[in-house]
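Keeping their order, the protein sequence lines are chains A and B.
Residue 310 in the working numbering sits at position 310 of the first sequence; the count goes up by one each step and never skips.
Converting from the second sequence to the working numbering requires adding 1000 to each position, the first position being numbered 1.
Warning: the hint list may mix true and false statements.
Some chain A residues near chain B, calculated using beta-carbon distances under 7 angstroms [to be verified]:
| id | residue |
| --- | --- |
| 1 | L158 |
| 2 | E356 |
| 3 | Y410 |
With a cut-off of at most 30 angstroms between alpha-carbon atoms, the simulated DSS-like pairs for lysine-lysine come out as follows [stated by the list, open to error]:
| id | chain 1 | residue 1 | chain 2 | residue 2 |
| --- | --- | --- | --- | --- |
| 4 | A | K249 | A | K320 |
| 5 | B | K1130 | A | K309 |
| 6 | A | K435 | B | K1100 |
| 7 | B | K1105 | A | K435 |
| 8 | A | K87 | A | K115 |
| 9 | B | K1100 | A | K457 |
| 10 | B | K1293 | A | K397 |
| 11 | B | K1193 | B | K1105 |
| 12 | A | K204 | A | K394 |
| 13 | A | K497 | B | K1063 |
| 14 | A | K126 | A | K94 |
| 15 | B | K1063 | A | K411 |
| 16 | B | K1193 | B | K1214 |
| 17 | A | K503 | A | K435 |
| 18 | A | K235 | B | K1214 |
| 19 | B | K1132 | A | K431 |
| 20 | B | K1296 | A | K204 |
| 21 | B | K1167 | A | K431 |
Just a sample of chain B residues kept apart from chain A, beta carbon distances all over 12 angstroms, derived [what the hints assert, rightly or not]:
| id | residue |
| --- | --- |
| 22 | V1107 |
| 23 | R1131 |
| 24 | G1197 |
| 25 | D1213 |
| 26 | K1214 |
| 27 | N1217 |
| 28 | L1314 |
| 29 | N1322 |
| 30 | I1325 |
| 31 | N1332 |
| 32 | I1338 |
| 33 | S1339 |
| 34 | T1343 |
| 35 | R1346 |
To be clear, the hints were calculated from the coordinates, so they are not data collected in a lab.
Just so we're clear, the structure is a prediction, and the values are computed from it rather than from any experiment.
Where a beta carbon is used, it is the ideal one built from N, C-alpha and C, also for glycine.
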Amino acid sequence: MREPSGYLALILHAHLPFVRHPEYNSALEENWLFEAITETYIPLLNIFNKLIEDGVDFRITMSLTPPLISMLRDPLLQERYLNHINKLIELIEKEVIRTQFEPHFNRTAIMYREKFYNARYVFEEKYKRDLVSGFKQIQDAGKLEIITCGATHGFLPLSLYREVVNAQIKVAVDHYIENLGRRPRGIWLPECGYNPGDDEVLRKYGIRYFITDTHGILYGTPRPKYGIFSPVYCKSRVAAFARDMESSKQVWSAKEGYPGDYNYREFYRDIGYDLDYNYIRPYIHESGIRINTGIKYYKITGRVDLGHKQPYDYNAALNKAAEHAGNFMFNREKQVEYLAKLMKRQPIIVAPYDAELFGHWWYEGPYFLDFLIRKIFYDQQTIKLITPSEYLEKYPKNQVLTPSFSSWGYKGYAEFWLSGENDWIYRHLHKIYEKMIELVNTFKYKPLNQLQERILKQAAREVLLAQSSDWAFIMKTQTMYEYAARRTVNHVFRFNKLYDMIKTANVDEQYLARIEWQDNIFPNIDWTAFSI
Amino acid sequence: MAMKKIKKDKGESDKELNTKKQKNKRQISAKKVTISKKQVKKGKTEKEIIKETKPVDTMEQSKMEATKFYPPQMDKKNGEKIIKYEEKKAVIDESQIQTKYGDNKIVLLVRDPYWCYAYWDLSEELINNKRKEIKPEWGNYDLILRIYDVTDIIFNGNNAHKFNDIKITGDANNWYINVWEAGRSYITDIGFKTADGHFILLARSNAVTTPRDKVSNITDEEWMVVDEDFDELFRLSGGGKFGSSEGFRSFLEMNLSSESVSSFSSPSPKPEENKGFFLVVDTELIVYGATEKNAKLKVKGEPIKINPDGSFSLRYHLPNTNLIIPVEAESNDGKDKISIKITVERKTE
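Pulled out of the complex, with its shape left as it was, chain A reads as follows (with noise of 0.2 angstroms):
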């Protein structure tokens, strides 16, 4: 085979905050994952899995985030996901029958049957409910890099302190190693958030290439001689990647991308909403409130309002994710012909996504990544799949450049985690950040007894949860507004309370261990990450 003209490096950003909540029979935001996991997740690890065993050679890069590792590996959400889909195979039984005179929406619903059975005998049955093995051994096959990303997803530009951005690096690190068993070579800066001279940070800890949006990259100082379609170095010998705005665009945009296709299933219909309450009942939220509940039997249709969707029809629906497939990899081909006649080496163009967005958002999105991946591997030869690391194992030699504050959220900075409905954490934040710094320096070369060491673990546990950068996100876009606001409050809370308790030697044993109970993320924490 010959050379490639160019690479194309698919990156898909896995992540959920931490929204485990054992102190509830059943929590709403719960489902945020379990809809992953049947969607989005189980779908992604089948289709590498055929890829594999049919023999397509491929490369993709993942991050899965410290949280969404740290849930998926969860006993408690486990326990909680087999019930969940257990529930939703006893719905779509009654759904096959209830729809048997109806072959449109029948054989929409025997579709779901088969991939809700899939997908509990790929959660329970093949991977022992641990689908982060799953993963992993699609890396240890060589085909997929895992990367990692910050602890709890807190957008580092604005830490205000470097000792957490240290932090947010140096639990991520060890966490990817202890669950991954070798260090990351990469990581996925949460929100794509890039603060010059973070970039020391990554490189303290080996991680060797970050990604950021174009303009981190494009508005580097000097100019690059690439642009974006080649990495560069920092001058702490990190490289970055940045990602190329012309396939973002095809996947992102609901309106002119692919994902806004008539064929494709409607997001929004949902028979959670769409059926008789009481039919309905045990399969929502336990309060009686109606919630998704993943099975949707409508296509988007058009510019029609919900109540005129017409019946979705998941052949044709495939159908088009495999014309859309081949339509992003002619653009791909294109690209990289053009631009390799610019360039004197492979240009590379970086595709980053949420990895959510395929599946969840975009139904069919997980099979047009299989389309994809398999044309590119059987149809041409202009373009080939590539890891970053890959890349730069290939072309070790880049340029030098400091890259410029970034990030991929609206206009391209911190506005969208800073505006008049979230900027009132900042202050807060900012507070237990120093808290925690003065914990650190006043502690770390202490003896410590148990207990002492206990609170000092939460309270590190406490600051990181209260800095996701989901809840900031959340607040922005209103959508679950109260809950957002509840978790930097209870964080913010917990924390001074630990705070207060070391300080003053005046041990409430119980709450503490109610809260460890309650968030656990990082067993193993290290509480002295809040250093320089």
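Fit chain B to the supplied structure of chain A, relying on the hints for placement.
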């Protein structure tokens, strides 16, 4: 109440989407011509590569991302409902936190190339004390933010390139500040300004630098090769297989700074399958040292890259064997040469 809020926002976002649609239409037509245009063009410069980049609608992306955290939609049949969870355990009220810390601090954050955000927290005590410093003849006074352009200078309070005063109104404890220029550094003071121009400082912020908003004019190129084996390098730093590595790192640092060449054993990861009693011992050898920055160094006959400060270190897995490791250094001008031979033996009895 919660649900009402969502409803209202949904309406707003629909509207926003509509205006986005108009914009996107333009982008589509622009996209269609790009490919053909590319092929016609002959003059290929780096500028063109840079031009390749077109903006994505990040608001749309955020909206899509937000579906990960979807709220329950309105329930038409059962009216509005707010979810009340049944808690398993009685807990203390964790919903109240201090609103004011009184730590006499002002913090500046960067929002984007043109906007910074400042919040402050001043104690009554400070405010009252500072008020006393104001002499009646100075006239009325206002609370102001004084924002300074401190790009490339060490700020001492009066050497800024320029500054601007912003009058704070109401009981505000935070402010969005429109700054002059992208890619510049700023500091803000908060204080009282009197009618005749006296300024009484209450607190001074940290310095921030706003991002650039365009492609750099600096075209000097510097290239670098990073071909070191990172995994190896960070195993050297005490990382790699040693999960939580603090203790091991300091041990390694101690060893690296001591005089002797030492080989040492390190714990291997615990085999997961084997639940019984076990002992695994492994040995590794570190060869390290320093020479002149521009010297040529060979270890076991192989040229070795030395660090910019002249130091070097190499790490070997140490099997049961006799190892002879010759280390040779040659000065840049070739006049001086030193060689040291190390012999190491490992035997498992």
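Against the structure, the hints:
| no. | hint | in the structure |
| --- | --- | --- |
| 1 | L158 | holds, 6 angstroms |
| 2 | E356 | holds, 5 angstroms |
| 3 | Y410 | holds, 5 angstroms |
| 4 | K249/A - K320/A | holds, 18 angstroms |
| 5 | K1130/B - K309/A | violated, 66 angstroms |
| 6 | K435/A - K1100/B | holds, 15 angstroms |
| 7 | K1105/B - K435/A | holds, 15 angstroms |
| 8 | K87/A - K115/A | holds, 14 angstroms |
| 9 | K1100/B - K457/A | holds, 26 angstroms |
| 10 | K1293/B - K397/A | holds, 22 angstroms |
| 11 | K1193/B - K1105/B | holds, 18 angstroms |
| 12 | K204/A - K394/A | holds, 23 angstroms |
| 13 | K497/A - K1063/B | violated, 36 angstroms |
| 14 | K126/A - K94/A | holds, 26 angstroms |
| 15 | K1063/B - K411/A | holds, 13 angstroms |
| 16 | K1193/B - K1214/B | violated, 36 angstroms |
| 17 | K503/A - K435/A | holds, 11 angstroms |
| 18 | K235/A - K1214/B | holds, 21 angstroms |
| 19 | K1132/B - K431/A | holds, 29 angstroms |
| 20 | K1296/B - K204/A | holds, 27 angstroms |
| 21 | K1167/B - K431/A | holds, 26 angstroms |
| 22 | V1107 | violated, 6 angstroms |
| 23 | R1131 | holds, 23 angstroms |
| 24 | G1197 | holds, 31 angstroms |
| 25 | D1213 | violated, 7 angstroms |
| 26 | K1214 | violated, 6 angstroms |
| 27 | N1217 | violated, 7 angstroms |
| 28 | L1314 | holds, 17 angstroms |
| 29 | N1322 | holds, 31 angstroms |
| 30 | I1325 | holds, 26 angstroms |
| 31 | N1332 | holds, 23 angstroms |
| 32 | I1338 | holds, 29 angstroms |
| 33 | S1339 | holds, 30 angstroms |
| 34 | T1343 | holds, 32 angstroms |
| 35 | R1346 | holds, 26 angstroms |
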